[in-house]
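Novice: Using the sequences and the hints, build the whole thing.
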Amino acid sequence: MNNSSSSKKQSPDQPETSGPTFKSQRTKMDTEKKILNKKLKDVEISCPIVYGSMAFWLGKKASEYQSHKWTVYVRGAMNEDLGVVVKRVVFQLHSSFNSPTRVLESPPFEVSEAGWGEFEIAITLYFHSDVCDKPLNLYHHLKLYPEDESGPMSTKKPVVMETYDEIVFPEPSEGFLARVQNHPAVTLPRLPIGFTLPPPVPVEDASRRKRGDTKDHPLSQWFMNFSEADELLQLAAARQQVQAHIAKLKRQISVIDGPHQQLKSISDQ
Amino acid sequence: MDAKDILGLPKNSLPIPQEKKSRPPKDSQRKPDGISREVYALTGGLAPLMPAIDSSQLKKQPPKDEKITWQWLPFTNSARKDTLQLYHWVRVVNGVPPTGDYSFAKYNKSVDIVKYTDEEYEKYLNDPGWTKEETDQLFDLCQQFDLRFIVIADRFSSSRTVEELKDRYYSVCRAVVVARAPALGDISGNPVVKEPYNVSQEIERKRALSMVLSQTKHQERKDAEVLAEAKKITESRMAAKVAEESELPVPSNAGPESAERASFPGDTVSPSSNVQLPSATVASSALTADNASTLASLRMLRVYLRTYALDQMVQAASSSAGLRTIKRVEQTLQELGVNLKPRVPTKSVCAEHLELRKEILTLLNLQKQLQYKEAEGSSFRDGSYADTPSTPKDRTFVPDMSFGGERVGKRDQKRKAPGRLSEAPSSPAQSKRPRKLKASEL
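As you go down the protein sequences, you meet chains R and P in turn. Using the working numbering, the first residue of the first sequence is number 2, and each one after it goes up by one. Using the working numbering, the first residue of the second sequence is number 4, and each one after it goes up by one.
None of these hints come from the bench; they were simulated from the model. The beta-carbon is built from N, C-alpha and C at its ideal position, and this holds for glycine as well. A few of these clues could be false.
[What the hints assert, rightly or not] Label-pair ranges, simulated between beta-carbon atoms:
(1) R:231 <-> P:333: 13 to 23 Å
(2) R:234 <-> P:243: 39 to 49 Å
(3) R:249 <-> P:243: 45 to 55 Å
[As the list claims (entries may be wrong)] Listed next, the in silico DSS-like pairs over lysine-lysine satisfying Cα-Cα at most 30 Å (straight line):
(4) R:135 <-> P:376
(5) R:158 <-> R:62
(6) P:344 <-> R:144
(7) R:216 <-> P:344
(8) R:251 <-> P:234
(9) P:344 <-> R:135
(10) R:249 <-> P:344
(11) R:158 <-> P:344
(12) P:234 <-> R:135
[What the hints assert, rightly or not] Taking beta-carbon pairs under 8 Å as the criterion, some of the chain R residues facing chain P (in silico):
(13) 135
(14) 240
(15) 250
(16) 257
(17) 258
Specialist: As structure tokens, then:
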């Protein structure tokens with residue numbers, strides 16, 4: 002988990018210290034519930050996800066209406082189980098499919114189908130009640146044909162199109178925070194000092210719970226890798242260049258400004 | 004398509020409906036049969052959805068066996084109470100004039116006004132505010148003018164308002180109907196009984212209507228602001244409330260209509276939708292493109308995507324810049340080998356991206372400043388004040404630097420100052436690999 006400190010400017014009306022006074026001695030049910038429902042400011046939970054599709058050409062077995070076999074899915078960016086955060090995912094397929102609204106109540110959140118056409122799929126994520134009561138919409142264009150059209154199509158290698166994004170919960174409830182504080186699927190920032198959470202709810206016996214992560218998914222060999230390191234390097238290099246140019250320009254401007262001060266004052270009269 | 008199949012090439016993935024779309028627009032350009040082109044053009048050149056006249060009918064001729072003449076004949080009108088006889092042209096078929104009443108007589112409808120007897124008046128209809136003569140006059144006028152109260156009010160001898168007249172009329176009707184009915188159950192369906200005329204409410208309603216109609220633009224704007232405030236307050240309260248607590252009614256400001264309007268925000272306001280379309284604007288944020296306010300408005304959403312947040316922040320940061328500047332920022336990003344939209348949008352990546360964009364904006368602004376100053380400087384040197392440099396916006400002059408791309412060609416200079424270095428714009432980088440910067444160019 003990366004405890005990245007935010008470099009965005011903080012708005013002036015945010016409270017400096019956010020630590021709510023939490024009396025852990027109270028054990029009454031309703032106060033606990035109230036506290037768990039309380040929203041926390043300054044603590045942002047983010048859940049990195051990858052969503053997209055994978056399409057295999059059927060080759061000899063292809064028919065006119067089913068030339069490709071494809072799967073559209075939503076997974077954790079590091080293949081963790083999204084079930085802690087996401088309660089249900091609804092995939093809205095093209096209307097030409099039978100029952101185009103596919104609802105997945107548990108991970109892995111994916112739909113596999115066969116078809117011939119590319120279209121936009123609307124993916125709606127519904128979260129658990131203590132996470133968020135509003136759904137989130139994603140859109141993915143199903144890609145069946147490779148970018149390089151002249152190349153041969155292979156039945157072995159799929160056409161993969163994935164998008165990385167992060168779901169951000171700006172003011173999560175304490176209950177949610179407690180539940181996921183050590184789960185790999187979410188990223189928590191450093192908690193403010195003096196802030197204690199209620200002890201996490203004991204995790205169910207792992208063997209009983211169906212595995213929802215995608216680490217051993219049959220298609221996992223084709224999953225794309227998203228590393229922020231490359232992008233950060235790129236950005237850092239670019240910023241350096243720009244900053245150097247800015248410095249140069251400032252020098253040039255000050256050079257011009259110096260001797261012109263007198264001329265300017267003459268002309269202004 | 005089959006040729007492609009034979010060759011084993013991928014089929015064209017364009018959906019079929021696209022071909023069909025090109026056909027319908029062509030059909031309307033042909034002129035239709037049956038009516039001339041000019042007449043058709045009168046209809047706007049488009050065929051109506053349903054043909055009004057069957058074109059075959061236009062060429063029909065009247066049946067040959069009928070002999071038609073037109074005659075000037077007298078007629079009577081059953082709608083008239085006198086026996087006035089007027090004349091008009093009549094289409095006579097084979098010597099037989101048409102029968103039947105005057106065709107417009109059926110439109111002479113009138114309202115059935117209740118007629119009370121004097122006893123009934125004494126028993127049920129006495130009212131301190133109204134004399135019998137006035138009531139009688141009212142009913143006469145109602146009969147005469149078919150319950151057009153505006154006209155009746157105008158014709159009424161004493162000056163009574165429309166509401167008063169209506170009130171009197173309807174209460175008399177109600178009393179008569181109730182009195183005459185053998186049992187209350189029979190008439191409970193009668194609208195006069197079911198919904199009696201409510202004078203005070205009517206007066207209030209008309210007053211409010213006239214106030215709304217006569218509102219000035221200023222007042223309208225103020226009302227819109229109040230409503231927006233009310234909406235915001237209700238939303239923030241809803242966000243803060245615990246499940247069982249009921250909503251407080253929105254406090255209303257001064258102003259008579261707000262009393263009526265206050266009920267609307269409470270009833271119709273719904274929680275702001277959390278639509279995560281990348282292009283949607285956040286509902287509660289003001290129009291100020293302040294960074295802080297974008298942050299605050301993002302926090303109002305319960306959940307959002309990092310890419311969406313980045314979009315909002317980028318928009319906020321570049322709100323003061325024109326379209327051309329934004330394009331130049333994007334061009335610079337491409338030259339630097341940076342993705343316009345980060346491929347791995349984590350928190351730190353997005354923050355860096357935003358900072359980079361801001362720095363590029365600063366850079367572009369500094370360049371403009373430099374050019375402007377140099378122009379000023381050169382004009383001083385020339386000594387000609389008439390030679391005012393063009394405003395920075397006009398300049399297509401590309402900055403004095405390149406990020407390692409190829410020089411494509413020169414752009415036109417609009418400035419007249421001599422001795423300026425003109426550098427061609429670098430072509431946008433085709434690949435996304437970061438370019439190595441030559442030491443000499445720094």
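Novice: Against this structure, judge whether each hint is valid.
Specialist: Hint by hint, here is what the structure shows:
1. R:231 <-> P:333: 13 to 23 Å: At 20 Å between Cβs, range holds.
2. R:234 <-> P:243: 39 to 49 Å: Since residue 234 (chain R) and residue 243 (chain P) have Cβ atoms about 43 Å apart, the given range 39 to 49 Å holds.
3. R:249 <-> P:243: 45 to 55 Å: holds, 51 Å
4. R:135 <-> P:376: Violated, because 53 Å separates the two Cα atoms, which is more than 30 Å.
5. R:158 <-> R:62: holds, 16 Å
6. P:344 <-> R:144: holds, 20 Å
7. R:216 <-> P:344: Holds, because 28 Å separates the two Cα atoms, which is no more than 30 Å.
8. R:251 <-> P:234: violated, 48 Å
9. P:344 <-> R:135: Holds: residue 344 (chain P) and residue 135 (chain R) sit about 26 Å apart, inside 30 Å.
10. R:249 <-> P:344: holds, 28 Å
11. R:158 <-> P:344: Measuring from Cα to Cα gives roughly 27 Å; hence the hint holds.
12. P:234 <-> R:135: Holds, at about 19 Å.
13. 135: holds, 4 Å
14. 240: holds, 5 Å
15. 250: Nearest chain P Cβ about 4 Å off; hint holds.
16. 257: holds, 5 Å
17. 258: This interface hint holds because 7 Å falls under the 8 Å limit.
Checked against the numbered hints given earlier, the structure breaks hints 4, 8 and satisfies all the rest.
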